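Colleague: One-letter residues, chain by chain:
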Amino acid sequence: MSIDSSPPTRVVVVGNGMVGHRFVESLRARDEDGRHEVVVLAEERRPAYDRVRLSEWFDGTDLSLADLPGVEVRLGEPARALDLAARVVSTSDGEYRYDTLVLATGSYPFVPPVPGRDLAGCFTYRTVDDLAALAGYAAGRGTGIVVGGGLLGLEAANALHRLGVATHVVEFAPRLMPAQVDDAGGAMLRRHIEDLGLTVHTGRTASRITGTGEVSQVVFEDGGVLHADVVVFAAGVRPRDDLARAAGLTLGARGGVRVDEACRTSDPHVYAIGECAEIGGRVYGLVAPGYAMAEVVADRLLGGTATFPGGDTSTKLKLLGVDVASFGETAGPLDVTFTDPATRVYAKLVLSDDARTLLGGVLVGDASAYPTLRACLGGPLPGPPLSLLAPAGAGDPSGTGGLSGTAQICSCNAVTKDTIVAAIHDGCADVAAVKACTRAGTTCGSCVPLVKQLLAESGVAMPKALCEHFDASRRELFDIIRVRGIRTFSELVAAHGQGRGCDICKPVVASILASTGGGYILDGEQGALQDTNDHLLANIQRNGTYSVVPRIPGGEITPEKLITIGEVARDFRLYTKITGAQRIDLLGARVEQLPQIWRRLVDAGFESGHAYGKAVRTVKSCVGTTWCRYGVQDSVGLAIALELRYRGLRSPHKIKAAVSGCARECAEARSKDFGIIATDAGWNLYLGGNGGFRPRHAELFASDLDTESLVRYVDRFLMYYIRTADRLQRTAGWIEAMDGGLEHVRAVIVDDALGLAGELDAAMAEHVGSYVDEWRSTLDDPDRLGRFVSFVNAPDVPDPSIAFEVERGQPVPAGAGRQPVMLGVPR
Amino acid sequence: MTAAVVRETPAVAVEWTAACPYRCLEPERGVVALVGGVPVAVFRVHDGRVYALDNIDPFCGASVLARGIVGTRGDAPTVASPMHKHVFDLRTGRCLDDPEVVLRTYPVRLRDGLVEVGGLLQVGGLVEVSGQG
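Residue numbers (numbering that gives the first Met the number 0), protein chains in the order written: chain A, 0 to 826; chain B, 0 to 132.
These aren't lab readings, by the way, just hints derived from the structure by calculation. Everything numeric in this text was worked out from a predicted model, so none of it was measured. Beta carbons are placed, not taken as given, at the ideal position from N, Cα and C, and that holds for glycine. Hints may contain errors.
Stated by the list, open to error - If we take Cβ atoms under 8 Å as the criterion, some of the chain A residues that face chain B in the derived model are:
1) 58
2) 463
3) 467
4) 791
5) 800
Construct the entire structure; sequences and hints are all you get.
Modeller: See below:
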């Protein structure tokens, strides 16, 4: 075939699914000379859409894929016949001559040949039209049965469940998701799903569907009978190879258009890609191998020699709110498993017999380790197996250094570590640039944390520049603002930056302005710099509502105040939860409720708890000498005094603290940014601890301090940190990154080696003296209350998109955690 | 605010809904207006222009976009969703972190000091109110 002849060659693509769309997109992007004109024949009347996220259609998500300019897409015009000799494909509307034909016809849902499957009330689950028909029929019906307990079946079950239908899942195999997980993983998944109120039947087969005109029951091979108003067949898919079959192309033994490693069929002018193709003896039902085939064919048409690299069948997805991932082999010579029935987490790694090479794995309930593990597939493990599996260690980002250059970071788009590192060296300086340049992270996004880490680890790509608007680091901006007395963002960006800022630099500047000048954080231009949490003085939640956390210094609270919190929660229908920092979180408040809630709380003597701010949060305490027979100092009294001293102090990240009344350490002070443990002689001060993503123990800084010295050291520590840390750097990372580490901090704070101590002391005195409660100031000024409305043109209308359901006697967001994010194409 | 210059996109059967007085728009922040029952985020950027687009963040499904931080990326005026910080071009509704995701934009005009948003009958119109803030 000549591809260099001057008239453009004509490429006809049969199929407008994700893989067909990707092929056209790739060809269009790379065919700079316009050598190919493209016609797409689409069966569905809708423009190409994202089938991986099909179930999100129920949420009203727009699933459309990008329009492809300059491509003729014939919607609702399926190919009917193919004449290989004449190189013509025909539809009901006409005939299309081609130089190259690309079959991307995908799959059709497999419906087992059971009697009654054509009754009204039987559905499949493949297209948006299928979902629309199902939703229209099933809403308000009593019972639904999903035939199939794989990926697709669980998606369909979730859809029925959300339509309010009592849902049963029937799987022929002895476990759920038989193609992806092992028995133990399937059992854990089953427990999760049964917790949600669905009924699971494994090892059962439907033999007959009965009803007059419409479905009324399903009869099983074992003789059992279930009443059913609706049945969804989701028992897998089969390649759509009928067009190819009729034209005489060679098919695979079990269906699918047989292609070689260039995705070429038995006719040299015809390619097949995606789920309709059989390649290397396999038919892949996932989008990633389909994309790989699309890229191969695009490359071939442009004169390249790409071949199919083999299909990665790794999947990570969220089914009914449950994270499930599998990659590589799910059984092998050596297994390491981790099971936690309490949190319903199951994880398994499959290793080579020398326990050195990772061959595969299964994760159920917590898939946070997936990106790291999948990238290690076929290579050495980056750490001891159990540390990788246990949820605490799973997210530990200490990993990319252990990955080989050929490790695939993005399996959806087959991008290796080497490719990403090369892109970073070529100037990609952030995740967006790496995505645009390599496509890594653009499909399912699960590898983005690893991409970020690669960026962080490559010295070149992480200059100190805060963002595209400022070349300076946070620390440098702090000095500029402090030394030059700058008071507004506009002034700063005009003199020392460019553009109008972003969600990275604006909150940083707001925080610095708060630390250098005090004042109400939403006055004047400062209001526009704040993240929504600081802007509304509350914490945003997943459904767009906010949480309210009143300050309870040291965790000590009177019965009257407890009653007030209870009454407020009851009257505003808020969900209540005790936090880990010894206070009470009230969740689910609408924007317009926040001032009403705070009016009640402020009247009862509460203040803002600054849970919404990068600020000092709490000083936790144990009961100390007042009650405890072991206590040696008044830990509650000190904790309250410290919390009141530092309340409202803005910082590069949140700051947590605790005071324990004896060495038994009940307040867990060593997991805090600053922790204090009582001794017989006074206080021991520990610095640089944190919980969270990467737990650290604080290190001993000074021993047996009297209270006055202790407070002076903490004052200086906090102010030095606020002035010199990077954005979102907690005290542990700040100390670690510092030349000299904790010894340097000690020299500055104790020995005043830099001559800064007086300045730091004065800055803290200024903070303590100028503190006012932000919520009280807000309530006292009608102008400041204006922003607390859902709709500017309908101030009395509550946001109708916010809905609650009741769980364990409390309101929770409707559908929370049950929105499926399907990241592999159903098979 | 004086003498705002309004450029309207040619539109088909646009139904206009009043959002709020222009002076009530805080520079570089958003508000939400109900337009034909649909929540629409209305932003005033630093040069005084006003843009309107869907308030629902398509990545999380929550009606929150108006509460994001307004800024720029290159030449594009942007908002970053407060939920997971996806950044959208206010002119086109396109997500700059995931260009396949595009929000609906709405035309905006200024009448007697009131900001009005064009309803759903017109799709994808560029929104421009330029003026002295």
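Colleague: Now tell me if each hint is right for this structure.
Modeller: Right, here's what the structure says about each hint:
no., hint, verdict
1, 58, "5 Å, holds"
2, 463, "20 Å, violated"
3, 467, "7 Å, holds"
4, 791, "4 Å, holds"
5, 800, "4 Å, holds"
In summary, the one numbered hint that this structure violates is 2.
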